[in-house]
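**Student:** Take a look at the letters that make up each chain.
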Amino acid sequence: MIPGAHTSLRNRTGDSPMETLKTTSLLHEHQRLGARMAPFGGWLMPIQYDGILAEHRRCRESAALFDTCHMGRFLFAGDIAASGIERLFSFRLETIAVGRCRYGFLLNEQGGILDDLTVYRLAADRLMMVVNAGPEKKDFAAIRAGLGGNPLFEDLTGHAGKLDLQGPHSRDVLAELAGDEVKDIPFFGFRRMTILGAEAIVSRTGYTGELGYEIYLGDERVVDLWRLLLEDGRVAPAGLGARDLLRLEMGYSLYGSDLDETTTPLEAGLDRFVDLTRDFRGKDALIRQRTEGLSRVRTAFRVSSRRSPRHGYQILCRGETVGTVTSGAFSPMLGCGIGLGYVSPDCSQTGTHLEIRHEEISLEATVVELPFYRDGTLKT
Amino acid sequence: MDTYFTREHEWIRINGTSGFVGITGYAAEQLGDITFVELPKVGREMRQGEILCTIESVKAASDIYAPLSGTVMEVNAALDFAPEIVNRSPEEEGWLVRVEITEPEGLKSLLTRGEYDDYVRGLP
Numbered sequence: 005m006i007p008g009a010h011t012s013l014r015n016r017t018g019d020s021p022m023e024t025l026k027t028t029s030l031l032h033e034h035q036r037l038g039a040r041m042a043p044f045g046g047w048l049m050p051i052q053y054d055g056i057l058a059e060h061r062r063c064r065e066s067a068a069l070f071d072t073c074h075m076g077r078f079l080f081a082g083d084i085a086a087s088g089i090e091r092l093f094s095f096r097l098e099t100i101a102v103g104r105c106r107y108g109f110l111l112n113e114q115g116g117i118l119d120d121l122t123v124y125r126l127a128a129d130r131l132m133m134v135v136n137a138g139p140e141k142k143d144f145a146a147i148r149a150g151l152g153g154n155p156l157f158e159d160l161t162g163h164a165g166k167l168d169l170q171g172p173h174s175r176d177v178l179a180e181l182a183g184d185e186v187k188d189i190p191f192f193g194f195r196r197m198t199i200l201g202a203e204a205i206v207s208r209t210g211y212t213g214e215l216g217y218e219i220y221l222g223d224e225r226v227v228d229l230w231r232l233l234l235e236d237g238r239v240a241p242a243g244l245g246a247r248d249l250l251r252l253e254m255g256y257s258l259y260g261s262d263l264d265e266t267t268t269p270l271e272a273g274l275d276r277f278v279d280l281t282r283d284f285r286g287k288d289a290l291i292r293q294r295t296e297g298l299s300r301v302r303t304a305f306r307v308s309s310r311r312s313p314r315h316g317y318q319i320l321c322r323g324e325t326v327g328t329v330t331s332g333a334f335s336p337m338l339g340c341g342i343g344l345g346y347v348s349p350d351c352s353q354t355g356t357h358l359e360i361r362h363e364e365i366s367l368e369a370t371v372v373e374l375p376f377y378r379d380g381t382l383k384t
Numbered sequence: 247m248d249t250y251f252t253r254e255h256e257w258i259r260i261n262g263t264s265g266f267v268g269i270t271g272y273a274a275e276q277l278g279d280i281t282f283v284e285l286p287k288v289g290r291e292m293r294q295g296e297i298l299c300t301i302e303s304v305k306a307a308s309d310i311y312a313p314l315s316g317t318v319m320e321v322n323a324a325l326d327f328a329p330e331i332v333n334r335s336p337e338e339e340g341w342l343v344r345v346e347i348t349e350p351e352g353l354k355s356l357l358t359r360g361e362y363d364d365y366v367r368g369l370p
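From first to last, the protein sequence lines are chains A and B. The first sequence begins at 5 in my numbering and counts up by one. The second sequence begins at 247 in my numbering and counts up by one.
Just chain B, same shape as in the assembly (with noise of 0.2 angstroms):
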């Protein structure tokens, strides 16, 4: 099982087929105080760069963006009533949707973990 990123701070973790995604935690720390959190529905089709999902905090709302194309199986509707927890756990417990991954190639133009914390490191 191994997680990629993208340079947008979208992390999927791969097993298989299937994905989990979520936002990383330099995202949750950007974002602040998480407040809503708005999942797209089961069977939702979602391509690689185009906007999952929209993520509210106190200060402002963010689209996140999709790693891979893939279908969603599956969303975290815990994040519903609590949407904190995607700022206590944003790798974890704050998962954000299962995918079915439609297109593996993308996984070119993703990061290693390695390769985004230096990018992190880089940011202003």
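Extracted from the complex, chain A is given alone in its bound form (with noise of 0.2 angstroms):
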């Protein structure tokens, strides 16, 4: 065995070489901890710490911490009609209640997707956009060009501080720690607290499937967080791998892998997070695109071996290549390989046989609906 000469980690997020690399506050904690680390988006991240697979169960049973302040965040503040910047999102930001997060896109003028976000109504006149790290410089960008006025928009990526604890454990630890209120937080809702001391935004969101939280607060105070929270002892820390692993298993593209610039919402399956009632960047072609029928589209299936799809390998149905994999790993959840893929929609119909291959592997795989692991938290 050659470690790394098959290696599936593959570059699809654009990084870095390693001299440019960011890193985030918590660094020297994974250090300490003995974390693998690896680029990821352009930082060094923590890939595993005690085990990919013991994570990604300790966060299905009881609780676990992510560091994601490599994540993008950008301030909004100002009228926000008046700025025009609702015509660059995929959905309306004016109907989102204070206290309350929209999940969606910045498609392009083809509308092809420049990233997935998240955007936090903090005020009538304040919002609060949280973007994927490696696309980042590209969004904060994009949505500039697009403003009108003079409204403030501040980008506050690597001087903020962003922690994720999941777990079905996550809201009686995190109650403990920052009072009862976070009891009454809303599914992707979320309130201002202040925890150490310190001005800190709670949001009910998540990229695992399981009941968790999103804690956006002062660099200053990443760290004392970071280890308080890790001091409990339902708590314990998770990497990128194991988070891949919990969002796959949900059915949830990753920016990068299943989502790119060449990939609409509408062939992605995610048509409603798009509000085609108003006008916005890229309208016209996905309604070009709904009326001239779908050439592809994104795909769940399960194989039927404990063997891993991975992105790249080729999907084939009825003996011909209808498409290709863009995320696939083994589920520990299911003891099978899952993957998406985008696939001609003559094969995407629940139950098609499949057939994933590269090179002398070939998997058994049907098609299946989404998510693929049912019995969550997140909505407890």
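Source of the hints: derived by calculation from the structure; they are not laboratory data. Some clues are possibly wrong.
Stated by the list, open to error - So the derived label-pair ranges between C-beta atoms look like this: (1) B:365 <-> A:379: 41 to 49 angstroms; (2) A:37 <-> B:359: 48 to 56 angstroms; (3) A:86 <-> B:275: 53 to 61 angstroms; (4) B:275 <-> A:363: 19 to 27 angstroms; (5) A:231 <-> B:348: 55 to 63 angstroms; (6) B:275 <-> A:191: 38 to 46 angstroms; (7) A:32 <-> B:275: 17 to 25 angstroms; (8) A:366 <-> B:327: 16 to 24 angstroms; (9) B:327 <-> A:363: 23 to 31 angstroms; (10) A:128 <-> B:309: 58 to 66 angstroms.
As the list claims (entries may be wrong) - Pairs of lysine to any residue, SDA-like flavour, derived with a Cα cap of 25 angstroms: (11) B:287 <-> A:283; (12) B:354 <-> A:321; (13) A:142 <-> A:154; (14) B:287 <-> A:142; (15) A:142 <-> A:155; (16) B:287 <-> A:309; (17) A:26 <-> A:204; (18) B:287 <-> A:366.
In this text, all values refer to a predicted model and were calculated from it rather than measured experimentally. Yeah, the Cβ is synthetic: ideal placement off N, Cα and C, and Gly gets one too.
Two chains, two separate frames, one set of hints: put the complex together.
**Tutor:** Encoded structure:
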């Protein structure tokens, strides 16, 4: 065995050479915990601590703590209508209630996805946007270029802390630390709270399919909060390896793998995050695509064995190549390989038999409905 | 009974003309959590240095090379359902196959445990 010979850790997020990698404030914490680090989206991030499967299991059964400081964060302050900012997003911003957040897309004129993101309505005239690390600079430039008037639009990336606490015990853990108000935060809602004497935003959102929270706070507090949370016996650190398994079991897309500038939300089956009742950049292209019909659709499949499908593997249906795998892995919850890929629509019906192929590997798979894993505590 | 190693991180524990084959703790750690082991069929002839089987982990798939030429006499069927045994006990319970060695002279290109440990220490 030659370590790394067949590596599927592809450079899908446009990683920079080692010398220009950014690091979060938690770097030393990760090193002290013996984390295995690797580049992700231009940052040096923890991939695993004591093991991807162990960390994944702890998230599903107890509580896992993720360093997500690398994610992009923008602040908008000003008149939403006058700035024209709504036109840049696939969804309405005005109708997001204060204290709520919404998920959707930044699109280009062809309806292709520049990024998927979450927008938080902090106040009538204040929004916080949370974007992926890799495309962060691109997103900032795209939004700024589209703003009219003179609103405040700031890039806080790299200056702000973010931790994800996810798992069935996360609510109790966080409530004990920050106060019972945590228990009142509704799904896709958030609250401003004081944690460790400083302002924080706590939202009931996440990327794992379990009950969980995303905690936004000043960079200077993030190390203290990280350490404090880890003192709780129910919480353990988890890296990007576990995070990828957790999100894939839910069928959540990863920008750079399942979504990119050549994919539209319609092809990705994510129409519900697109509001076609108003004008926005990319709308005409989406309408055209819907009229003409899709040439490919994002599809979920289960492999009949424990073998993992991987990004780039070919998908065959009735002997013909019909698409490629965009994400794939062994699912600990299902005990078999699972994957996402884009295939021609006539091969995307539930129950369709697929063959996943790569060099000598040939896997039998069946199209299934999402999510793969249905027993998460997300809505508890 | 002596154990010999390859630079590709396989081991073979020899007892007469029979040998148990597996991957080292170093290999198991590099791979991370193992999710699938594709064992060869009993009766399969393996040649030293050729691909014996494939191991998949959360991260990637890796080819495992035969340390010596021989015939596969037995495979560790427990790994079909619990490949994590290889992570837990790579040099004992996590053995992959038992072979009947056909070309013992291949031994001279293998490393002793001391030589293997030195080799691993020198790796980046």
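**Student:** All hints are to be evaluated individually against the structure, with a verdict given for each.
**Tutor:** Taking the hints in turn, this is what the structure says about them:
1. For the hinted restraint 41 to 49 angstroms between residue 365 of chain B and residue 379 of chain A, the CB-CB distance of approximately 46 angstroms keeps it satisfied.
2. Restraint check, residue 37 of chain A to residue 359 of chain B: a C-beta distance of roughly 30 angstroms breaks the suggested window 48 to 56 angstroms.
3. Our hint of 53 to 61 angstroms for residue 86 of chain A and residue 275 of chain B holds, since their Cβ atoms are close to 58 angstroms apart.
4. For residue 275 of chain B and residue 363 of chain A, the Cβ-Cβ distance of about 26 angstroms falls inside the hinted range of 19 to 27 angstroms, so the restraint holds.
5. Between residue 231 of chain A and residue 348 of chain B, the C-beta spacing of about 58 angstroms keeps the proposed range 55 to 63 angstroms intact.
6. For the pair residue 275 of chain B and residue 191 of chain A, the beta carbons lie near 39 angstroms from each other, so the given range of 38 to 46 angstroms is met.
7. At about 23 angstroms, the beta-carbon gap between residue 32 of chain A and residue 275 of chain B stays in the expected band of 17 to 25 angstroms.
8. For the pair residue 366 of chain A and residue 327 of chain B, the beta carbons lie near 22 angstroms from each other, so the given range of 16 to 24 angstroms is met.
9. About 26 angstroms separates the C-beta atoms of residue 327 of chain B and residue 363 of chain A, a value consistent with the hinted range of 23 to 31 angstroms.
10. Between residue 128 of chain A and residue 309 of chain B the beta carbons are some 60 angstroms apart, a value that agrees with the proposed interval 58 to 66 angstroms.
11. About 61 angstroms separates the Cα atoms of residue 287 of chain B and residue 283 of chain A, which puts this hinted pair outside 25 angstroms; it is violated.
12. Distance check on the hinted pair: residue 354 of chain B and residue 321 of chain A sit about 49 angstroms apart at the alpha-carbon level, beyond 25 angstroms; violated.
13. With a C-alpha separation of about 20 angstroms, the suggested pairing of residue 142 of chain A with residue 154 of chain A holds against the 25 angstroms cut-off.
14. Distance check on the hinted pair: residue 287 of chain B and residue 142 of chain A sit about 52 angstroms apart at the alpha-carbon level, beyond 25 angstroms; violated.
15. Annotation: proposed proximity of residue 142 of chain A to residue 155 of chain A holds, straight-line Cα distance about 19 angstroms (limit 25 angstroms).
16. For the hint linking residue 287 of chain B to residue 309 of chain A, the alpha-carbon distance of about 17 angstroms falls within 25 angstroms, and the restraint holds.
17. The straight-line distance between the Cα atoms of residue 26 of chain A and residue 204 of chain A is roughly 23 angstroms, inside the 25 angstroms bound, and the hint therefore holds.
18. Taking the CA atoms of residue 287 of chain B and residue 366 of chain A, the gap is near 17 angstroms; set against the 25 angstroms cutoff, the hint holds.
Comparing the model with each numbered hint stated earlier shows that hints 2, 11, 12 and 14 do not hold.
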